[in-house]
Amino acid sequence: MVQEIKNLFKFRELILALLIRGFKAKYKNSFLGIFWSLLNPLLNVLIFTFIFTVIIKINIKSYPLYLLCTIFPWNFFNSALINSIVSIVEDDHFVKNTFFPYEVIPLAVVITNFINFLIDLLILIPVLLLFGRGISIVWFYIPLLIFIGFILTCGLSILAAGIYVTFRDLNFILNFSLRLFFYFVPVIYTLDFIPQKLRSIYLCNPLAAVIDGFAKVLFYGRAPDLKWLGLATLESIIIFTLCFYAFQKIKKALPEQL
Amino acid sequence: MRVRIENLNKKFRVFHESPLTFQRAAYNLLRGKRGYQDIWALKDVSFCLNKQEAVGLIGPNASGKTTLLRIIASIYAPTSGSVHVNGRVAAFFELGSGFIMEFTGIENLYLYGAVFGLSRRQVKERIPDIIGFSELNNFLDIPLRQYSFGMRMRLAFSLAVNIDPDILLIDETLAVGDLAFREKCFRKIEELKAKGKTLFLVSQHLDEIERLCERAILLDKGEIKAIGPAKDAIREYKITMGK
Chain A
0 MVQEIKNLFK FRELILALLI RGFKAKYKNS FLGIFWSLLN PLLNVLIFTF IFTVIIKINI
60 KSYPLYLLCT IFPWNFFNSA LINSIVSIVE DDHFVKNTFF PYEVIPLAVV ITNFINFLID
120 LLILIPVLLL FGRGISIVWF YIPLLIFIGF ILTCGLSILA AGIYVTFRDL NFILNFSLRL
180 FFYFVPVIYT LDFIPQKLRS IYLCNPLAAV IDGFAKVLFY GRAPDLKWLG LATLESIIIF
240 TLCFYAFQKI KKALPEQL
Chain B
0 MRVRIENLNK KFRVFHESPL TFQRAAYNLL RGKRGYQDIW ALKDVSFCLN KQEAVGLIGP
60 NASGKTTLLR IIASIYAPTS GSVHVNGRVA AFFELGSGFI MEFTGIENLY LYGAVFGLSR
120 RQVKERIPDI IGFSELNNFL DIPLRQYSFG MRMRLAFSLA VNIDPDILLI DETLAVGDLA
180 FREKCFRKIE ELKAKGKTLF LVSQHLDEIE RLCERAILLD KGEIKAIGPA KDAIREYKIT
240 MGK
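Quick note, the sequences are listed as chains A and B, same order.
Oh and the first sequence: position 184 is 183 in numbering that gives the first Met the number 0, straight run, nothing missing.
Oh and the second sequence: position 5 is 4 in numbering that gives the first Met the number 0, straight run, nothing missing.
Treat the hints as calculated values from the structure; they're not laboratory data.
Take these hints with a grain of salt, some might be off.
For the chain B half of the interface with chain A, some residues (derived, Cβ under 7 Å), not all of them [to be verified]: (1) 15; (2) 19; (3) 73; (4) 74; (5) 78; (6) 92; (7) 96; (8) 119.
DSSO-like mimics (lysine-lysine), calculated; alpha carbons at most 27 Å apart, straight line [said to hold, decoys possible]: (9) A/95 to A/25; (10) B/220 to B/237; (11) B/123 to B/194; (12) B/42 to B/237; (13) B/123 to A/250; (14) B/123 to B/224; (15) A/251 to A/56; (16) A/248 to A/9; (17) B/230 to B/194; (18) A/5 to B/50; (19) A/56 to A/196; (20) A/251 to B/32; (21) B/42 to B/230; (22) B/192 to B/123; (23) A/5 to A/251; (24) A/95 to B/10; (25) A/248 to B/230; (26) B/42 to B/10; (27) B/230 to A/251; (28) A/5 to A/250; (29) A/9 to B/123; (30) A/251 to A/95; (31) B/50 to B/194; (32) B/42 to A/250; (33) A/196 to A/95; (34) B/194 to B/42; (35) B/42 to A/251; (36) B/42 to A/95; (37) A/9 to A/95; (38) B/224 to B/50; (39) B/220 to A/95; (40) B/237 to B/224.
Think of the CB as a built atom: it goes at the ideal place given N, C-alpha and C, for glycine as much as any other residue.
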């Protein structure tokens, strides 16, 4: 396992080359590209704002701002998984014709989305300042939140891309699951809406803990609950390890199935 | 010795419904259907490849030639038997198939070099040679979409021979481009051989094999039918095909 991760480092040039390709494909070399990638989450913010402030009156102050704080981490998780699941199949000519650690292909897709996410966060900062959420010491928790989200997404994406090679209906299952999963993380509502009794079960979901962490840090300017964040860290590391290990098991058989 | 293969067998599991889905797998399971059949692509294959030689691999379609190459390149795992490879391998199947049309020639070289585990610096060092060999210097900053098929082949071949592996495996496309460039490809292969490299070449162009290779292996239905001087293996191939 450690050996395999070291091996990934040897192929960092390939990851970089795939990253550049990913960005070129995404942005078609235009600066407007960043705008396009922002459009989707912003549209969602508009829709949810309309639904939850005009139609159903939700009891959250500055609701659009809350959405902005929670939608980007969700968007990263969601689009990284959706983009990476098909990545190995789409790059079949590499996999069939050369021997290299195939996990770099989904990994490069996750990193492309991750860089996008970081850009989104950078854009969010002036917006937060504009609405009087000044820079705070609790922002030091952001790297931890990002780290948990990143390795969780990496592990799941790598394994999903591997299994998809054999079972091509996995992407339907994934799309459906993500749509359902969206309601199990505090993106459109706050943690307060979850009954106290259920909250400890709810926060066992590492992504829920991470997104709640982003809401606490960015929106409320409060420190996240370290107990749940610690659990989420542990869970994410375990999930990553299991997924990565499982991928190593199925990796050898991938070229034959493409 | 660069490559030693002993009693190699390779089995493929071919699913009737391909690609498979969870839905189909569950259906097969419930119905008690197997839904696949096993095909032996290679049966008890043993041979060696030495330094400083070019060996041809000939045989009809679906005889297991490409599978054998992929196993040497460790893309496929053998089902049983042993495969020992000493040195770095570069294998080229469907020359140029991994190129990205939106990238320029140079960008494709970096990407492909990276696939073979070369660093950016190592690719950079080789670029003058690749450009020199391909004679495409005026086109390297143009997206590959604008290249003709022949030009793409030239670029791919130039990369293949300049990647500098100990063992070079080439499937089907030994010489590409126009007459003059093909001659250049042949000379380059001779040159690599003289430098101590091992070449393992698959081709249906038997005259090319005869010209470049001292030895050849005839593969038919996954079994070695002849191994020895290229001339003899080719004669054997022609006899088996003739009947």
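Can you list which hints this structure breaks, lowest number first? 1, 5, 13, 14, 15, 18, 25, 27, 33 and 34
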